[in-house]
Amino acid sequence: QSVLTQPPSASGTPGQRVTISCSGSSSNIGSNTVNWYQQLPGTAPKLLIYSNNQRPSGVPDRFSGSKSGTSASLAISGLQSEDEADYYCAVWDVSLNVWVFGGGTKLTVL
Amino acid sequence: QLQLQESGPGLVKPSETLSLTCSVSGGSISSSSYYWDWIRQPPGKGLEWIGNIYNSGSTYYNPSLKSRVTISADTSKNQFSLKLSSVTAADTAVYYCARHGRAGIAVPGNAFDIWGQGTMVTVSS
Chain A
270 QSVLTQPPSA SGTPGQRVTI SCSGSSSNIG SNTVNWYQQL PGTAPKLLIY SNNQRPSGVP
330 DRFSGSKSGT SASLAISGLQ SEDEADYYCA VWDVSLNVWV FGGGTKLTVL
Chain B
321 QLQLQESGPG LVKPSETLSL TCSVSGGSIS SSSYYWDWIR QPPGKGLEWI GNIYNSGSTY
381 YNPSLKSRVT ISADTSKNQF SLKLSSVTAA DTAVYYCARH GRAGIAVPGN AFDIWGQGTM
441 VTVSS
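If you read the protein sequences in the order shown, they are chains A and B. The first sequence begins at 270 in the working numbering and counts up one residue at a time. The second sequence begins at 321 in the working numbering and counts up one residue at a time.
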């Protein structure tokens with residue numbers, strides 16, 4: 270059971286907008302900034318969003334992040350087939366003193 | 321551009337010690353701007369943070385693994401290493417090394433921005 274709760278799956282058709290939620294608590298999301306990672310099949314995770322809503326260089330602006338209270342969300346607009354991947358949220362937990370990850374959301378592009 | 325590469329045995333016997341090395345190219349692990357981390361992912365499951373090393377010697381470990389984990393650095397080789405003792409089948413996973421920037425110093429800060437490709441370690445007799 271992960272400290273951060275994500276839906277196990279999400280789906281959408283090409284061109285649609287999809288959101289993935291990440292629910293935590295006051296000791297993690299409520300206290301620190303949230304990062305999002307994309308893991309394509311058989312590859313290492315890749316940083317997609319950092320500090321709640323910042324995109325690293327090279328990440329398309331179709332990807333956006335937000336945070337409110339103890340929850341965060343990743344939005345993907347203009348969905349493309351290459352977006353099919355697992356997505357993880359992550360944050361430092363000040364009570365557990367550990368980086369915690371969500372259980373991951375498998376995004377399917379129909 | 322910075323690259324990380326894990327190496328080590330792919331098969332470890334139960335009760336023995338798992339040893340992995342992460343070789344860093346294109347940047348120095350001596351940089352005070354970054355932490356150097358180990359993260360693992362059991363087959364078909366999510367990610368688990370193991371611990372990190374910074375300033376070439378200071379370490380921080382996941383409390384759930386702390387009694388079995390040692391992370392060290394060899395600045396002459398620009399490598400850092402993971403040792404996990406008394407392994408069981410539950411330690412079977414892909415092990416990743418990664419870098420994360422110190423908040424307020426590096427950009428992006430406080431995020432794992434560069435990862436190695438990962439190495440699969442199976443614990444089995």
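Calculated from the structure, these hints are not laboratory results. Watch out, some of these pointers could steer you wrong.
Derived DSBU-like pairs: lysine-lysine, alpha-carbon spacing no greater than 30 Å straight-line [to be verified]:
| no. | chain 1 | residue 1 | chain 2 | residue 2 |
| --- | --- | --- | --- | --- |
| 1 | B | K403 | B | K365 |
| 2 | A | K375 | A | K315 |
| 3 | B | K386 | B | K403 |
| 4 | B | K365 | A | K315 |
| 5 | B | K397 | B | K333 |
| 6 | B | K333 | B | K403 |
| 7 | B | K397 | A | K375 |
| 8 | A | K375 | B | K365 |
| 9 | A | K315 | B | K397 |
| 10 | B | K403 | A | K315 |
| 11 | B | K397 | B | K386 |
| 12 | B | K365 | B | K333 |
| 13 | B | K386 | B | K365 |
| 14 | B | K386 | B | K333 |
Per label pair, the in silico range of CB-to-CB distance [unchecked claim]:
| no. | chain 1 | residue 1 | chain 2 | residue 2 | range |
| --- | --- | --- | --- | --- | --- |
| 15 | A | T288 | B | Q437 | 27 to 33 Å |
| 16 | B | R388 | A | T282 | 24 to 30 Å |
| 17 | B | S339 | A | S280 | 48 to 54 Å |
| 18 | B | K365 | A | S335 | 23 to 29 Å |
| 19 | A | G327 | B | S353 | 18 to 24 Å |
| 20 | B | G377 | A | S350 | 42 to 48 Å |
| 21 | A | S280 | B | G364 | 27 to 33 Å |
| 22 | A | G284 | B | R388 | 33 to 39 Å |
| 23 | A | S350 | B | S445 | 41 to 47 Å |
| 24 | A | L379 | B | S353 | 26 to 32 Å |
The following residues of chain A were derived to be distant from chain B, with all beta-carbon distances above 12 Å [as the list claims (entries may be wrong)]:
| no. | residue |
| --- | --- |
| 25 | N301 |
| 26 | T302 |
| 27 | Y306 |
| 28 | K315 |
| 29 | S335 |
| 30 | S337 |
| 31 | G338 |
| 32 | D355 |
| 33 | G371 |
| 34 | G373 |
Cβ coordinates follow ideal geometry from the N, Cα and C atoms, glycine included.
These are the hints, each one checked on the structure:
About 22 Å separates the Cα atoms of K403(B) and K365(B), which keeps this hinted pair within 30 Å; it holds. In summary, the hint linking K375(A) to K315(A) is supported, as the alpha carbons are separated by about 15 Å, within the 30 Å threshold. With a C-alpha separation of about 11 Å, the suggested pair K386(B) and K403(B) falls inside the 30 Å cut-off, and the hint holds. About 17 Å separates the Cα atoms of K365(B) and K315(A), which keeps this hinted pair within 30 Å; it holds.
With a C-alpha separation of about 28 Å, the suggested pairing of K397(B) with K333(B) holds against the 30 Å cut-off. Only pairs whose Cα atoms come within 30 Å are accepted, and K333(B) paired with K403(B) is accepted, the gap being roughly 14 Å. Under the criterion of a C-alpha separation no larger than 30 Å, the hint pairing K397(B) with K375(A) is inconsistent with the structure, at around 38 Å. Taking the CA atoms of K375(A) and K365(B), the gap is near 11 Å; set against the 30 Å cutoff, the hint holds.
A threshold of 30 Å between alpha carbons decides the hint, and for K315(A) with K397(B) the separation of about 26 Å falls inside it, so the pair holds. Restraint check for K403(B) and K315(A): satisfied, since their Cα atoms lie roughly 25 Å apart, inside the 30 Å limit. Taking the CA atoms of K397(B) and K386(B), the gap is about 25 Å. The hint holds against a cut of 30 Å. This hinted pair checks out: K365(B) and K333(B) have alpha carbons roughly 22 Å apart, not beyond 30 Å.
With a C-alpha separation of about 21 Å, the suggested pairing of K386(B) with K365(B) holds against the 30 Å cut-off. Between K386(B) and K333(B) the CA atoms are separated by roughly 20 Å; this keeps the pair inside 30 Å, and the hint holds. In this structure the hint that T288(A) and Q437(B) lie 27 to 33 Å apart at CB holds, the actual value being about 30 Å. For the pair R388(B) and T282(A), the beta carbons lie near 46 Å from each other, so the given range of 24 to 30 Å is not met.
Take S339(B) and S280(A): their Cβ atoms lie about 41 Å apart, and the range 48 to 54 Å is violated. Distance hint check: the CB atoms of K365(B) and S335(A) are about 27 Å apart, consistent with the given range 23 to 29 Å. Checked against the hint of 18 to 24 Å, the C-beta distance between G327(A) and S353(B) comes to roughly 20 Å, which is consistent with it. Range check, G377(B) to S350(A): about 46 Å between beta-carbon atoms, so the 42 to 48 Å window is met.
Checked against the hint of 27 to 33 Å, the pair S280(A) and G364(B) fails, with Cβ atoms roughly 19 Å apart. Distance hint check: the CB atoms of G284(A) and R388(B) are about 48 Å apart, inconsistent with the given range 33 to 39 Å. Look at S350(A) against S445(B): about 43 Å separates their beta carbons, and that is inside 41 to 47 Å. Taking 26 to 32 Å as the suggested C-beta distance range, the pair L379(A) and S353(B) does not conform, at roughly 43 Å.
The beta carbon of N301(A) is not kept farther than 12 Å from every beta carbon of chain B, the shortest such distance being approximately 8 Å. Distance to chain B contradicts T302(A) as a non-interface residue, since its nearest Cβ pair spans about 6 Å, not more than 12 Å. Listed as outside the interface, Y306(A) is inconsistent with that label: its C-beta sits roughly 7 Å from the nearest C-beta of chain B, within the 12 Å cut-off. In this structure K315(A) is not separated from chain B by more than 12 Å, as the shortest Cβ-Cβ distance comes to only about 7 Å.
No Cβ of chain B comes within 12 Å of the Cβ of S335(A); the nearest lies about 16 Å off, and the non-interface call holds. A cut-off of 12 Å between C-beta atoms confirms that S337(A) is not in contact with chain B; the least separation is 19 Å. A cut-off of 12 Å between C-beta atoms confirms that G338(A) is not in contact with chain B; the least separation is 19 Å. The beta carbon of D355(A) sits about 9 Å from the closest Cβ of chain B, which is not more than 12 Å, so the claim that it is off the interface is violated.
The beta carbon of G371(A) is not kept farther than 12 Å from every beta carbon of chain B, the shortest such distance being approximately 7 Å. Separation of G373(A) from chain B is inadequate, the least Cβ-Cβ distance of about 5 Å not exceeding the 12 Å criterion.
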